[in-house]
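Q: Line order of the protein sequences matches chains Y and P. For the first sequence, our numbering gives the first residue as 5, with consecutive numbering after it. For the second sequence, our numbering gives the first residue as 5, with consecutive numbering after it.
Watch out, some of these pointers could steer you wrong.
The list treats identical chains as interchangeable, and a pair is accepted whether it falls inside one copy or across any two copies.
As the list claims (entries may be wrong) - Cut-off 16 Å, straight-line C-alpha distance, at most; resulting in silico cross-link-like pairs (EDC-like, lysine to aspartate or glutamate):
no., residue 1, residue 2
1, 158, 26
2, 158, 29
3, 145, 123
4, 174, 212
5, 79, 212
6, 109, 199
Keep in mind that the hints were calculated from the coordinates and are not lab data.
2 protein chains.
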Amino acid sequence: MEKGISKAVIKRLPRYYRYLGELIDDGVERISSNELSERMQVTASQIRQDLNNFGGFGQQGYGYNVAHLYQEIGKILGLDKTYQMIIIGGGRLGQTLANYTKFEKRGFQVVAIFDVDPELVGKEVRGIEVHLMEELEDYLKTHKIDIATLTIPKAYAEETAMRLVEGGVKAIWNFAHTDLHLPEDVMVENVHLSESLMQLSYNIHWHETHKS
Amino acid sequence: MEKGISKAVIKRLPRYYRYLGELIDDGVERISSNELSERMQVTASQIRQDLNNFGGFGQQGYGYNVAHLYQEIGKILGLDKTYQMIIIGGGRLGQTLANYTKFEKRGFQVVAIFDVDPELVGKEVRGIEVHLMEELEDYLKTHKIDIATLTIPKAYAEETAMRLVEGGVKAIWNFAHTDLHLPEDVMVENVHLSESLMQLSYNIHWHETHKS
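Taking the hints into account, I'd like the entire structure generated from these sequences.
A: The following block contains the structure:
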């Protein structure tokens, strides 16, 4: 059933999940697609269409059961499981991500950090040990890792990603500012911060040149 | 002319910009849309369509002048200017972003950090001073700030964004995990890291439940 779901819908699901979580915190038990639409500022028909991809969850005239919908979307997003995550790159960004306890609450457990710098080796970030990059292959032989986060310079990103893939890692969270060319069954999610910033500069520039 | 450009095209421009920058580094002076298409793994017709939004830049049968196209896309993205940026939240993420010299090279200059924690006040991150949050209004009276980056808990994000907007800030780079409801002329670019991570867990979960 989930086969034909578009990437656009999947991208919207975490937002539904977040709003439903907030509704639960507010003690709301049921919500109509119209009310949810007002809160989320998307059309009610979009909400109905999106949720219909997964079998609906709503009863005509009765609205959605918030807790149930939250739980079901969580399952679709795979959030009822835990994921073992490693971070490649023990610099500022890698340490910052390792320190996010919020990810752990959602089931993403950072279990190790790897870095080329021998000075960092043996140090701990929130109890998570930094290993030398050379040890990666051995580590992957004895640990099942679901997600590897790349916070290394782009020049080393693809080569490192290939080492991870050869070690059995199937999902890469890529903060290096480059596109990774990897086997088709490997999932890559890019976070390109400077490209996000350029959306702002585009808009600032556009507004300045189109002032009336 | 730029009026009708879709958000989707604008989102793709930084990627063109990046690839063209790499071509320049590699000494490439001209490239056909077919060659660019192979490198970027998008169709040649998409490239032609996208670039036609801005008047084309290509000559039939002659390809694109790489340096010229790079420069023109940079201008469209507003990268021929500099932007004064402040960071609200002097925690790990705020400090990490303040330390990115790469942003500065692109024209995004971090000029101040603000935090509620008096212990941080007066400290410097790469020469950038941390100010007490109470001083924000006074600071904005005497400094023209183009972009404010929010790296604070979501509970304070909207209230803080409103203070920024009242102080004249028109663009917000939002890392707080919430949607900001701000006046229409304020631009917001969200970076929701946990939602990015959920795209990976969705895919891992989907592959596990659809194994043949």
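Q: Determine for every hint whether it applies to the structure shown.
A: To see whether the hints hold, each was checked on the structure:
For a Cα distance limit of 16 Å, the shortest separation of residue 158 from residue 26 across copies, 12 Å, qualifies, whereas the shortest one inside one copy, 37 Å, does not. In this assembly of identical chains, the alpha carbons of residue 158 and residue 29 lie at most 16 Å apart only when taken from different copies (14 Å versus 41 Å within one copy). In the homo-oligomer, the alpha carbons of residue 145 and residue 123 never lie at most 16 Å apart, since the shortest distance is 24 Å inside one protomer and 44 Å across protomers. For the identical chains of this complex, residue 174 and residue 212 are inter-copy neighbours only, at 11 Å across copies versus 44 Å inside a copy, given an alpha-carbon limit of 16 Å.
Proximity of residue 79 to residue 212 under the C-alpha cut-off of 16 Å is restricted to the inter-copy arrangement: shortest distance 13 Å between copies versus 45 Å within a copy. Taking the closest pair of Cα atoms, residue 109 and residue 199 come within 16 Å of each other only across two copies (14 Å); inside a single copy the shortest separation is 28 Å, beyond that limit.
Violation of the numbered hints given earlier is confined to hint 3; every other hint is satisfied by the structure.
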